[in-house]
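Colleague: Quick mapping for you: the protein sequence lines, in order, are chains A and B. To convert, note that position 172 of the first sequence is 172 in the numbering used here; the numbers rise steadily by one, no gaps. To convert, note that position 37 of the second sequence is 37 in the numbering used here; the numbers rise steadily by one, no gaps.
Hints were generated in silico from the structure; no laboratory data involved. Treat the hints with care, as some may be off.
Stated by the list, open to error - According to the in silico footprint, chain A covers these stretches of chain B (three or more CB under 8 Å from chain A):
hint : stretch
1    : 14-27
2    : 40-49
Unchecked claim - Not everything, but these chain A residues come out facing chain B in the computed CB check (under 8 Å):
hint : residue
3    : 142
4    : 246
5    : 254
6    : 286
7    : 304
8    : 371
Since we're looking at a predicted model, the values are computed, not measured. Even for Gly, the Cβ is constructed at its ideal location relative to N, Cα and C.
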Amino acid sequence: MYEELAASRTRRTVTATARLMRALHLDGMLLSGVAAVGFFGLFVLYSAAGDNTVLWFSQVARFGIGVAVMIAIAQVPDHFIRMVAPIAYVIGLVLLVLVMLAGDVGKGAQRWLDVGIVRFQPSEIMKLAVPMMCAWYLHQRPLPPSLWNVAAVLMMILIPVLLIAEQPDLGTALLVVAAGLFVVVLGGLPWTYLLGGVVVAGAAVPLVWSLLHEYQRQRILTLLDPQSDPLGAGYHIIQSQIAIGSGGVFGKGWTNGSQAQLEFLPERSTDFIYAVIGEEFGLLGLIALLAGYLFIVGRGLYMAAQCRDAYARLLSGSIALTFFVYVFVNAGMVTGLLPVVGVPLPLVSYGGTSLVTLMAAFGILMSLHSGRKLLGS
Amino acid sequence: MRRVRIKDEHLEQRIFLQRSAVAAFIVLGLMLLLAGRAVWLQVLQHELYAGKSQDNRAHPEPLPPNRGIIYDRASRVVAENTPAYQLELVREQAGDLDTTLAQLALLGLLEQDDLERVRQLVLSRRSFEPVPIRLQLDDERVARYAVHRHELPGVSLETRMARHYPFGAIGAHALGYVSTISEDDLARLDMERYFGTGVVGKTGIERAYEDELLGSGGYREVLVNAEGRRVDVQDGKVGQLRSRQPHAGRDLRLALDIELQRVAEEAMAGRRGAVVAIDPSNGDVLVLASLPSFDPNGFARGISRRDYLALTEDPDQPLFNRVLRGTYPPGSTIKPIMALAGLEYDVVRPQDKFFCPGHFSLPRSRHRFRDWRREGHGSMNMRNAVMQSCDVYFYRLANTLGIERIHDIMSRIGFGAPTGIDIGGERGGIMPSPQWKKTAFSGREQQVWFPGETVILGIGQGYWAATPLQLATATALLATRGRHYRPRLVRALVDPVTGAVEERTPQLLPPIELKDQANWEVIVDAMVAVTSGPRGTAVRASRGALYSIAGKTGTAQVYTVGQTENYDEKKIAERLRDHALFVAFAPAEAPKLVIAVLVENGGHGSSAAAPIARAVFDAYLVRGAS
Numbered sequence: 001m002y003e004e005l006a007a008s009r010t011r012r013t014v015t016a017t018a019r020l021m022r023a024l025h026l027d028g029m030l031l032s033g034v035a036a037v038g039f040f041g042l043f044v045l046y047s048a049a050g051d052n053t054v055l056w057f058s059q060v061a062r063f064g065i066g067v068a069v070m071i072a073i074a075q076v077p078d079h080f081i082r083m084v085a086p087i088a089y090v091i092g093l094v095l096l097v098l099v100m101l102a103g104d105v106g107k108g109a110q111r112w113l114d115v116g117i118v119r120f121q122p123s124e125i126m127k128l129a130v131p132m133m134c135a136w137y138l139h140q141r142p143l144p145p146s147l148w149n150v151a152a153v154l155m156m157i158l159i160p161v162l163l164i165a166e167q168p169d170l171g172t173a174l175l176v177v178a179a180g181l182f183v184v185v186l187g188g189l190p191w192t193y194l195l196g197g198v199v200v201a202g203a204a205v206p207l208v209w210s211l212l213h214e215y216q217r218q219r220i221l222t223l224l225d226p227q228s229d230p231l232g233a234g235y236h237i238i239q240s241q242i243a244i245g246s247g248g249v250f251g252k253g254w255t256n257g258s259q260a261q262l263e264f265l266p267e268r269s270t271d272f273i274y275a276v277i278g279e280e281f282g283l284l285g286l287i288a289l290l291a292g293y294l295f296i297v298g299r300g301l302y303m304a305a306q307c308r309d310a311y312a313r314l315l316s317g318s319i320a321l322t323f324f325v326y327v328f329v330n331a332g333m334v335t336g337l338l339p340v341v342g343v344p345l346p347l348v349s350y351g352g353t354s355l356v357t358l359m360a361a362f363g364i365l366m367s368l369h370s371g372r373k374l375l376g377s
Numbered sequence: 001m002r003r004v005r006i007k008d009e010h011l012e013q014r015i016f017l018q019r020s021a022v023a024a025f026i027v028l029g030l031m032l033l034l035a036g037r038a039v040w041l042q043v044l045q046h047e048l049y050a051g052k053s054q055d056n057r058a059h060p061e062p063l064p065p066n067r068g069i070i071y072d073r074a075s076r077v078v079a080e081n082t083p084a085y086q087l088e089l090v091r092e093q094a095g096d097l098d099t100t101l102a103q104l105a106l107l108g109l110l111e112q113d114d115l116e117r118v119r120q121l122v123l124s125r126r127s128f129e130p131v132p133i134r135l136q137l138d139d140e141r142v143a144r145y146a147v148h149r150h151e152l153p154g155v156s157l158e159t160r161m162a163r164h165y166p167f168g169a170i171g172a173h174a175l176g177y178v179s180t181i182s183e184d185d186l187a188r189l190d191m192e193r194y195f196g197t198g199v200v201g202k203t204g205i206e207r208a209y210e211d212e213l214l215g216s217g218g219y220r221e222v223l224v225n226a227e228g229r230r231v232d233v234q235d236g237k238v239g240q241l242r243s244r245q246p247h248a249g250r251d252l253r254l255a256l257d258i259e260l261q262r263v264a265e266e267a268m269a270g271r272r273g274a275v276v277a278i279d280p281s282n283g284d285v286l287v288l289a290s291l292p293s294f295d296p297n298g299f300a301r302g303i304s305r306r307d308y309l310a311l312t313e314d315p316d317q318p319l320f321n322r323v324l325r326g327t328y329p330p331g332s333t334i335k336p337i338m339a340l341a342g343l344e345y346d347v348v349r350p351q352d353k354f355f356c357p358g359h360f361s362l363p364r365s366r367h368r369f370r371d372w373r374r375e376g377h378g379s380m381n382m383r384n385a386v387m388q389s390c391d392v393y394f395y396r397l398a399n400t401l402g403i404e405r406i407h408d409i410m411s412r413i414g415f416g417a418p419t420g421i422d423i424g425g426e427r428g429g430i431m432p433s434p435q436w437k438k439t440a441f442s443g444r445e446q447q448v449w450f451p452g453e454t455v456i457l458g459i460g461q462g463y464w465a466a467t468p469l470q471l472a473t474a475t476a477l478l479a480t481r482g483r484h485y486r487p488r489l490v491r492a493l494v495d496p497v498t499g500a501v502e503e504r505t506p507q508l509l510p511p512i513e514l515k516d517q518a519n520w521e522v523i524v525d526a527m528v529a530v531t532s533g534p535r536g537t538a539v540r541a542s543r544g545a546l547y548s549i550a551g552k553t554g555t556a557q558v559y560t561v562g563q564t565e566n567y568d569e570k571k572i573a574e575r576l577r578d579h580a581l582f583v584a585f586a587p588a589e590a591p592k593l594v595i596a597v598l599v600e601n602g603g604h605g606s607s608a609a610a611p612i613a614r615a616v617f618d619a620y621l622v623r624g625a626s
């Protein structure tokens, strides 16, 4: 009798939560995934930040801002998100040109734009504006896209990417390319084109090599043989592999990673935090984290498939897959599978702008999903 | 006709689902790849990396090399290494860097002005590297550090060999100094060799022979515990500790004679100027004095920003190397060489006489080029013209030679180009010519070469600018009758470990062959007359010398006197007064030493510069300073 009452109360609470979620246009599953990875990330960051509690609290604050941004964007009607695409794209382009002309130089690259109170990277806007623009362009046209339309979309991707790569910011350029290409591929780019593109890209490797900055070439060369420069460019990769490998299956325990805590591991709270997880939480920690990411990507793709129109589908799909690219490029670089490109580990790495961009992307995903669906839920 | 396609919502939906399915599989595959990589590193390779992680606890501790010692030509130590206390900071142990630095400033261990520089320095080195932040601490500061050391994590007091210059300011411009490695230096240095070394040669010999003096740094690995602090014994398995022995730098044996240098600097004391003394038989630079000087020990200790500004803002410019970088009109010191040019080009014979009325004018010109002696010198042959420094004679000679021939021979002798002395920073001065004027000026009317500009070159005025070192080298040309050597400060390099000596062979400069070798003697004879003949301009300064001197006085104009004005020494501000010059070699018949002296705003070469040269000659030839 009492148990039944308790069960019904639980049921009521669940339904109430679900109702609230729907009212706020939030997706409970996605939110849980993001929250799980996010909390785990904060937990790890507390250790990676060492004595620097200021850093940890500021990341907590940024998470708060990120969640607020996500909820706010989720309230925006989906047609507005469609309408705003070309405007966001043009503004982003203008800002990129401004950065080139008058940007602040930080760590040797010209990425920042100083607008009085805030300094931000316009390239962050492009991570969302490019896929939005591509999806907006394609959704008005019959799919699969014609050769002409594909060429147009490629131009839309290429222009901002060249501006970003020039800054130079290889990591962001890569993510923007990925985000744009995913839209075309999901839109039905014929496989033959895709194959042709791969061949052309392969042929372009020598050309790209000649355009790369010396430090970028060095990173690629160092990847092939990290031991060649153990105190210089290879230092990052060697130290992060030692950190992960020495963690073993169960890890050395929270705040007990000697690699991370003794500062052998560089950039341990930002780009190389994946290695801290590997060292302190071991294989189990990494697998749990990867599972969390897989869940978020999977949920994102599922939500995309439910969307009613091409724009929403393409954009949502691109957001989910780009999120995966973040994970893969970062984890690949830290474990020595890929060259060191500056891509943070999403939801875990310390850093403001990219976290807010990510949360904004999830907000868009939720907004588009909560619009009228094609398949009943 | 173009086929019009319409949107097919169901087709698009199907395509999307297909594509997402493929994407999902790829995502899954790549996730498994990441997981597989984690398994590879953490399970299969775990042993290897666990070992390496243990090794990582062995920190390299620097073993800095001993910097080469510098000896003068009489084997007196002029730059040595003495043990001194210095503060070093390891960034990864320092906690919050800014707090630590602020604390150091509060304790007076760092100057407030220097904090930013030190901060940049520390950040520019690797985090585990000890960076010297304050060199050569005095006892009082050592004590203060000892009391407060617990408040200063990552800061340690180390005994290191520090550079010391026992003669202080004497010879500072030749020796140069070492000082803290700056951010600019980082770009040009191989930091691997500087592991544990906080200083680098900045100027003079210390800079030019940096590669030889430095040697290369070594290291020794020490075990550190989980807090990064050093431990001597560790339980269990200990990885192999590596080390590399440092290689000491090579010692230098200089041509410089520090006691002769002292004589020169004391003779010049209180004035601004330069003294160069060269052994004409091999180019050895025995004296390279630029006054005022500075104490290089200040730099080696780590000069504070305030003291540094005091040096750079001093109007007397103590850091300016006048010997190498000061360019002045050579004035009348050039007359013997100009006379030589006249003989070589056959435009004049030694016995030819010209009348000096006290001024010279070009044909069809009213402009009067005035002689320093208003009433004129009367009838002058070459010997008298050099001896009395008659300007009119040389106005006429320069006009007859013409600018092309003057430029040609003076360039061959070395004017307008650096002498190539073995330390850096040397200037070439200006040997003017119509071509030079075209590149030096942009205005069309300024690019024209006027005949009058040739005339004043005859007395070493106009655009002509030479360094004291060039004047000494050109005088050595006369002393050696055309076979002079490139000036050099370092005679030999010695490996302190093996004792191997590398002698530097003297380098002959392009020799000057005269058509008639007897002409050398004509010129040298005239220069001897300057110091011994009746009305010779340097007779007073040479009186009582136990050897014969061949010399020439000079006065370089700083201030242009108007056509109708008189030059009044007393009325003209000190800074606008003429520079006094004197070049000489002795003994005239078998020269052992060539000297060039410049006294900025000293007035007359005979009264201001010649006595300084005399003091150096006496010390070297009579007392034998070495």
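Colleague: Which hint numbers does the structure go against, in order from smallest to largest?
Modeller: Hints 5 and 8 not satisfied by this model.
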